[in-house]
Amino acid sequence: MESQFNSTLLEKAVAELSKLPGIGKKTALRLALHLLRRDPEEAKSLGESIIEMREKISYCQECHNISEEEKCPICSDPRRDKSTVCVVENVKDVITIEATHQHHGLYHVLGGLISPLDGIGPSDLEIESLVNRVAEEKIEEVILALSPTIEGDTTNFYIYRKLSELPVKVTMLARGLSLGNELEYTDELTLGKSIQNRILFSDSYSGK
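Quick note, this note's numbering runs 15 ahead of the 1-based positions in the sequence shown.
For the record, the hints were derived by calculation from the structure and aren't laboratory data.
Honestly, I wouldn't trust all of these hints.
As the list claims (entries may be wrong) - Here are the simulated DSSO-like pairs of lysine-lysine, each with C-alpha atoms no more than 27 Å apart in a straight line: (1) 184 to 208; (2) 97 to 40; (3) 59 to 86; (4) 97 to 208; (5) 153 to 27; (6) 27 to 86; (7) 71 to 184; (8) 177 to 153; (9) 34 to 86; (10) 86 to 71; (11) 86 to 184; (12) 153 to 86; (13) 27 to 40; (14) 184 to 153.
Using the sequences and the accompanying hints, generate a full structural model.
Okay, structure coming up:
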């Protein structure tokens, strides 16, 4: 069958680009045509960097953040406060919080949030590994830095219950964040203040 773009190679490139999140067919076509107009070496460099990224970046064995080594630079940094762990949903949240320069401890990336409607339960996330870290390492505080959504609150409460038998302080971000907003869309100043003014999770739970 004849390609709608008069080129099967262009059509294949558009199809692959449109698989990326937030990229529709029109945007994919615009990007593909842009690459065609550029020097071939630029397209080659882009392709090679993506392949190298995919092949060489994995996940930290400690916190599940992205890393090129067994341990990520944050976990390996002797200047970080090893007694404090900030729990986040995904890698984007680590980047967002790091930009505030208000957290000097470690991280723990869950890889998602509990969401029964989407078929995501506690066993699908890195919750058990968090509990093991707290039980085995000298962690004094766990900061729950999840988005203030229904899924985030559900996950917060589940983790709080799992850690309740361990000698660790569990805190959460101050509610300066707008209800329902994802962490990555919060401005750095607001997020930084929420980290500074964090509160005990038990104080936020009305059913205590």
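Hints, one by one, checked against the model:
Using a Cα cut-off of 27 Å, the hinted pair residue 184 and residue 208 holds, with the two alpha carbons roughly 19 Å apart. The straight-line distance between the Cα atoms of residue 97 and residue 40 is roughly 46 Å, outside the 27 Å bound, and the hint therefore fails. Between residue 59 and residue 86, the direct Cα distance comes to roughly 30 Å. Violation of the 27 Å bound is thereby established for this hinted pair. Between residue 97 and residue 208, the direct Cα distance comes to roughly 21 Å. Compliance with the 27 Å bound is thereby established for this hinted pair.
A threshold of 27 Å between alpha carbons decides the hint, and for residue 153 with residue 27 the separation of about 52 Å lies outside it, so the pair is violated. Simply put, residue 27 and residue 86 have alpha-carbon atoms about 37 Å apart, too far for the 27 Å limit, and the pair is violated. Pair hint residue 71 plus residue 184 does not hold up; C-alpha atoms about 36 Å apart against a cutoff of 27 Å. Between residue 177 and residue 153, the direct Cα distance comes to roughly 17 Å. Compliance with the 27 Å bound is thereby established for this hinted pair.
At most 27 Å may separate the alpha-carbon atoms for a hinted pair to count; residue 34 and residue 86 exceed this at roughly 30 Å. Only pairs whose Cα atoms come within 27 Å are accepted, and residue 86 paired with residue 71 is accepted, the gap being roughly 13 Å. The suggested pairing of residue 86 with residue 184 holds, with an alpha-carbon distance near 25 Å, which does not exceed 27 Å. For the suggested pair residue 153 and residue 86, the alpha carbons sit about 18 Å apart, so the restraint of at most 27 Å is met.
The straight-line distance between the Cα atoms of residue 27 and residue 40 is roughly 11 Å, inside the 27 Å bound, and the hint therefore holds. Taking the CA atoms of residue 184 and residue 153, the gap is about 12 Å. The hint holds against a cut of 27 Å.
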